[in-house]
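A.B. asks: Next come the chains, spelled out residue by residue.
4 protein chains.
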Amino acid sequence: MIRVGVNGYGVIGRRVAYAISKQNDMELVGIAKPDPDYKAKLAIKRGFDIYASCDADRVASFDSKGVKIRGMLSDLIEKVDIMVDCTPEGVGAKNQKIYDKAGIKAIWQGGEEHSISNFSFNAYVNYSSAINAKYSRIVSCNTTGLIRTLNALNNAFGVKSVNAFLVRRAADPVEIKKGPINAIEIEKDMPSHHGDDVKTVLSNMDIHTVAAKASTTLMHLHDINVELKKNITKDEVIDAFRKYRRIMLVSAEDGITSTAHVMDIARELGRGHGDMYEIAVWKEMFVNDRRLQYFQAIHQESDVVPENIDAIRAMCNIETDAEKSINKTDISLGIGVSL
Amino acid sequence: MIRVGVNGYGVIGRRVAYAISKQNDMELVGIAKPDPDYKAKLAIKRGFDIYASCDADRVASFDSKGVKIRGMLSDLIEKVDIMVDCTPEGVGAKNQKIYDKAGIKAIWQGGEEHSISNFSFNAYVNYSSAINAKYSRIVSCNTTGLIRTLNALNNAFGVKSVNAFLVRRAADPVEIKKGPINAIEIEKDMPSHHGDDVKTVLSNMDIHTVAAKASTTLMHLHDINVELKKNITKDEVIDAFRKYRRIMLVSAEDGITSTAHVMDIARELGRGHGDMYEIAVWKEMFVNDRRLQYFQAIHQESDVVPENIDAIRAMCNIETDAEKSINKTDISLGIGVSL
Amino acid sequence: MIRVGVNGYGVIGRRVAYAISKQNDMELVGIAKPDPDYKAKLAIKRGFDIYASCDADRVASFDSKGVKIRGMLSDLIEKVDIMVDCTPEGVGAKNQKIYDKAGIKAIWQGGEEHSISNFSFNAYVNYSSAINAKYSRIVSCNTTGLIRTLNALNNAFGVKSVNAFLVRRAADPVEIKKGPINAIEIEKDMPSHHGDDVKTVLSNMDIHTVAAKASTTLMHLHDINVELKKNITKDEVIDAFRKYRRIMLVSAEDGITSTAHVMDIARELGRGHGDMYEIAVWKEMFVNDRRLQYFQAIHQESDVVPENIDAIRAMCNIETDAEKSINKTDISLGIGVSL
Amino acid sequence: MIRVGVNGYGVIGRRVAYAISKQNDMELVGIAKPDPDYKAKLAIKRGFDIYASCDADRVASFDSKGVKIRGMLSDLIEKVDIMVDCTPEGVGAKNQKIYDKAGIKAIWQGGEEHSISNFSFNAYVNYSSAINAKYSRIVSCNTTGLIRTLNALNNAFGVKSVNAFLVRRAADPVEIKKGPINAIEIEKDMPSHHGDDVKTVLSNMDIHTVAAKASTTLMHLHDINVELKKNITKDEVIDAFRKYRRIMLVSAEDGITSTAHVMDIARELGRGHGDMYEIAVWKEMFVNDRRLQYFQAIHQESDVVPENIDAIRAMCNIETDAEKSINKTDISLGIGVSL
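Quick note, the sequences are listed as chains A, B, C and D, same order.
The first sequence begins at 1 in the working numbering and counts up one residue at a time.
The second sequence begins at 1001 in the working numbering and counts up one residue at a time.
The third sequence begins at 2001 in the working numbering and counts up one residue at a time.
The fourth sequence begins at 3001 in the working numbering and counts up one residue at a time.
Chain A with its partners taken away, still in its complex shape:
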């Protein structure tokens, strides 16, 4: 049984810890967080062991709030084979030294640079390269979404080039200090960094992206223009996407015309946290010879969660076959609903 720790218990950390607890080939040893807030209290209700990642002089605050800890982050590190680092952007890089010193494996999230591990992961694309790896980085939610559907298209038809526009959600639901409340904010860097991030996994992809932020907390929306290497029909594209459980086809014909509807499906499916692990792709797409344009919605809080689980399996060599790991993960999380 692989012993796993989760360092950081925010939007991603909580979900990764939950997903680990649903696997039968790994054990969640504990989670580390810096303060004893309501998330700590709820972690205890889940039966998770808590380790304090704050400075020693602030440990008393856990006691005073009635949040029992099992030790410090350093204690957790000693007990695990691999740590999933879900700390805020930039903090993860600082943690690398202590993981290195302890000789444990580690996974970082997309907020960190590719250079932290020189290996960026997506289960469909490069699972086998992750086997026995010491370090890896799960690409960000947007990048994961782009990779999932572009990889499907590339495998089916060959992708010549991609031009994507990302309407980003401006904040997560619980990030109440972030805006904008009433504006659209452009990403001034054109192209945006997302295209280059895709290439950390799909190195040969010719992709150009730009982005803007909208006043919403639910999901990102992508408008993706692809030039394929051969002529296609809409049915062929839909079939190509259908092969992947982590892509969910939705349709305005069923009344699904917004990110609110997609998240409503997630809540109806009864997943942990009301999450949508799949990339939602609208069947209402534009197809003309080799040209394809489609909308997809990305649940920024959760689409990377199954990727983390698969990365653990590959890196710890519990399962060498990508498809078997993906199946296992998907079944455990209820992924793969067809409407």
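Don't read these hints as lab results, they were simulated from the structure.
Do not rely on the hints blindly, as some may be mistaken.
Rough simulated footprint, nothing fancy, chain A against chain B, three-plus residues with beta-carbon under 8 Å [claimed, not checked]: (1) 1167 to 1179; (2) 1251 to 1262; (3) 1269 to 1280.
Quick list of in silico lysine-lysine cross-link-like pairs, PhoX-like style, CA-CA up to 25 Å [unchecked claim]: (4) B:Lys-1188 to C:Lys-2041; (5) C:Lys-2199 to C:Lys-2160; (6) C:Lys-2199 to C:Lys-2188; (7) B:Lys-1045 to B:Lys-1068; (8) C:Lys-2283 to D:Lys-3068; (9) D:Lys-3283 to C:Lys-2022; (10) B:Lys-1022 to B:Lys-1324; (11) A:Lys-199 to A:Lys-160; (12) C:Lys-2243 to D:Lys-3045; (13) A:Lys-177 to B:Lys-1283; (14) B:Lys-1041 to A:Lys-234; (15) A:Lys-97 to A:Lys-79; (16) D:Lys-3177 to C:Lys-2283; (17) A:Lys-45 to B:Lys-1188.
From a predicted model like this one, the values you see are computed outputs, not experimental measurements.
C-beta atoms are modelled at their ideal positions from N, C-alpha and C, and glycine is treated no differently.
With the hints as your guide, set chains B, C and D onto chain A.
C.D. replies: Only chains B, C and D this time, still in chain A's reference frame:
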């Protein structure tokens, strides 16, 4: 085994159907809805039988979308002992005739007038009056929230008068056509109707309410000023609320300072639809002699759900003891978390 | 002096009436509106004459609210040479008969179909074709924005093809009933109608558009991909846009990174209604050989206002030279600010 | 001619500078700001002289952006009789030393503490106390709004006690980094600080306030409960408010039911920046014997602007009569519209 139908499968209907399916003393015979959208498809995935509540000439649309129905609404009516009507405001009143003709019991939601049943229900307050009742109405989400906490205070200290300000959420998450996007809208009727609605259950309550709408989909927020019949301390108030599982005490000391945090707790608790059945009351309250002022947050999508379940039990005389029904309902839905 | 009426006094009608009142070669005879609300009271404060466009039996409501009218819509029609119809989408088409019967000229807005007049107008592109025209239609805010910048590019470099993504504002500031509050809504028709609407003015443009709605009231944002007929540099593109006063170049280097900043500029400029008549184009653009990608922001409430004024001049043959009319309009409204 | 400087050129500073430039008994010597952004460029277009308030080593950035400065903040200080400090919260306090050293008068905004000047100002209430004062503080937008209407009620009927709920706008339009996007955030301190702030001007007022933040940028909304010292009628209350030009009565009967409508009026009135200097009070109020409850909307960007102008006049002893100063200010800014 009481046979229950749910007519209307929107925000409330879906949740009531789900809650019924979690009870071991009642059976969800089926749900009725007028169109074969994604919610119909997901109902089938839940194993619910679907009945069409549209005109006969539109039934074919269910077939063409691949949504198998078990019959029309009239067929469902024949098979049930009681119908929970969750149709849109005003439609429920029109349905009364057909329930009456069929001789079945019926429950309406707060969008309908008190006069539809001349009996408005809250499990804590008037469960016993509902026993064997033919018709009842579950008061609205806001009214349910007011009644829960005011009843607790009244039982503990006696309530002399109440002055409440309701900041209403302007739309449910899935109501993407409703605004405002960037404004606060006043309710021009002063007092608002909510106070009178409370009196349909707590007939002697001296209560005055006003309301405004804010640009949010998550929860209503109430600012409640109460004059009690005796001097109180904050600890006494907190103890009074703690006696009721359908009230959840929260605190800014745990990092809970907004409706987004309250709904984050709900998602973390893993309830159906990520719901918060409890009324969240902040421990940060103002107490001075007989005066109490507190904030509470109401999850408009779900706080009435357990009330519907208890009403079914009372009306169908499965359980004559209020406390036993409430316990049963709460256990089935995971209600009663203490942070 | 050309006598002009404005029928409809909502978001667009009010601004067109204001702009007419700023011209020295036309006279605003009056405005017609169906109810005596605050906008009617403010119109009187501006010195505008009001005509009632309601049914005869509702005229009394104007009196009872203290809003003095000069007659009915039919009276206004008799007094004018040309009517600018700013009634809600679909209503304008019904009005065509009465304008026709009265033998007056008329201008419709972009909510109506091109077929209403078989002539769609943009001052830069087809002013001369509007001379002496009986009817014309000012294309919508989005279409006007696309035409302004694409026409500039076409004149300078030749446009081979266009692929644009429109993030639409979901409602105007005063449309408090419209949402979404927290979602992104896709336009299910791919391509969207906007490209075809551009072709009603720029008939040879090869343009493809898709759209989504964001939760904001301020401005639309366009991401525009253009393939030009020759290689370009960023400086050349900026120079091409600079030739047109109705295009305003903005830059993230000056702290302008969102639609909120663009509208802040408008308020600072002291225009009527705090409007931004210009299309704001960011200097942060992507240029590569013949390829250009840029962001532009469209103030949906006002960019069509100067177009209406120019159309009046052309149709009534007050001024035959497009450039002279545009100059006159721009000076009267303070258009043409260079940051 | 009094020589006035404005230090800080954000939301408030820009408006105060504009208002000063509209007075014929004072001269805007210049404005100081720390960076050469678009607001600096627009200030130059207004004809305002700019002084740099940054460190000396950053002055070059003004040059490189083409923003010509007349000197440093220290140069501006030497040229003025009085400085209106509109720097961000907390910065103003640091500036006090340099104003003191230079021997100039100074006005701070409500973000600073009362103790900065030990005198907080409202033109209606304590103009005469400001005469010849060296320092004063204009209370915040919310406090100014509360004082305006409570002072009117107190003068007319006597106010016994006040209980107010403030639904605060969460960010200004241009503050695109602030949220929440979709939540209501409580102010955990009960009572909130606003009541005490009112007492810095109306020292004998018995007032209790609580607050929450809504996802909007336009205006604050107040629900105000007042117990008066005698019985009142609605007409008497309306008459009492009508005596003050800086209070604007609005009504749902005219279609004004939200803060968006109030700001729409402001834009229609053609004021600088589309501002609403008046406190908007709804005629739809609740009156019962000595009890009054009313809604008011506060334009956080501008209601304090006329107060700043009056404070300058009093402190510099240009005008000793409050009413004359208020008249002068109101006429210059177009304040006092009756709908």
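A.B. asks: Taking the hints in turn, state whether each one holds.
C.D. replies: To see whether the hints hold, each was checked on the structure:
Interface restraint, the segment 1167 to 1179 of chain B with chain A: holds (3 residues with C-beta to C-beta distance below 8 Å; minimum three). Beta-carbon proximity to chain A at under 8 Å applies to 8 residues in the segment 1251 to 1262 of chain B; the threshold of 3 is reached and the given coverage holds. Judged by the Cβ-Cβ criterion of 8 Å, the segment 1269 to 1280 of chain B is covered by chain A as claimed, because 5 of its residues qualify and three suffice. Taken as a hint, the B:Lys-1188 and C:Lys-2041 pair is honoured in the structure, with Cα atoms around 20 Å apart against an allowance of 25 Å.
Between the alpha carbons of C:Lys-2199 and C:Lys-2160 the distance comes to roughly 14 Å, so the proposed pair stays at or under 25 Å and holds. The straight-line distance between the Cα atoms of C:Lys-2199 and C:Lys-2188 is roughly 21 Å, inside the 25 Å bound, and the hint therefore holds. Simply put, B:Lys-1045 and B:Lys-1068 have alpha-carbon atoms about 11 Å apart, close enough for the 25 Å limit, and the pair holds. Distance check on the hinted pair: C:Lys-2283 and D:Lys-3068 sit about 22 Å apart at the alpha-carbon level, within 25 Å; holds.
Between the alpha carbons of D:Lys-3283 and C:Lys-2022 the distance comes to roughly 34 Å, so the proposed pair goes past 25 Å and is violated. Between the alpha carbons of B:Lys-1022 and B:Lys-1324 the distance comes to roughly 16 Å, so the proposed pair stays at or under 25 Å and holds. Taken as a hint, the A:Lys-199 and A:Lys-160 pair is honoured in the structure, with Cα atoms around 14 Å apart against an allowance of 25 Å. This hinted pair checks out: C:Lys-2243 and D:Lys-3045 have alpha carbons roughly 20 Å apart, not beyond 25 Å.
Taking the CA atoms of A:Lys-177 and B:Lys-1283, the gap is about 22 Å. The hint holds against a cut of 25 Å. Between the alpha carbons of B:Lys-1041 and A:Lys-234 the distance comes to roughly 23 Å, so the proposed pair stays at or under 25 Å and holds. As the CA atoms of A:Lys-97 and A:Lys-79 are separated by approximately 17 Å, the hinted pair is consistent with the 25 Å bound. Distance restraint check for D:Lys-3177 and C:Lys-2283: the Cα-Cα separation of roughly 22 Å lies within the 25 Å cut-off, and the hinted pair is therefore satisfied.
Our distance criterion of 25 Å between C-alpha atoms is broken by A:Lys-45 and B:Lys-1188, whose separation comes to about 44 Å.
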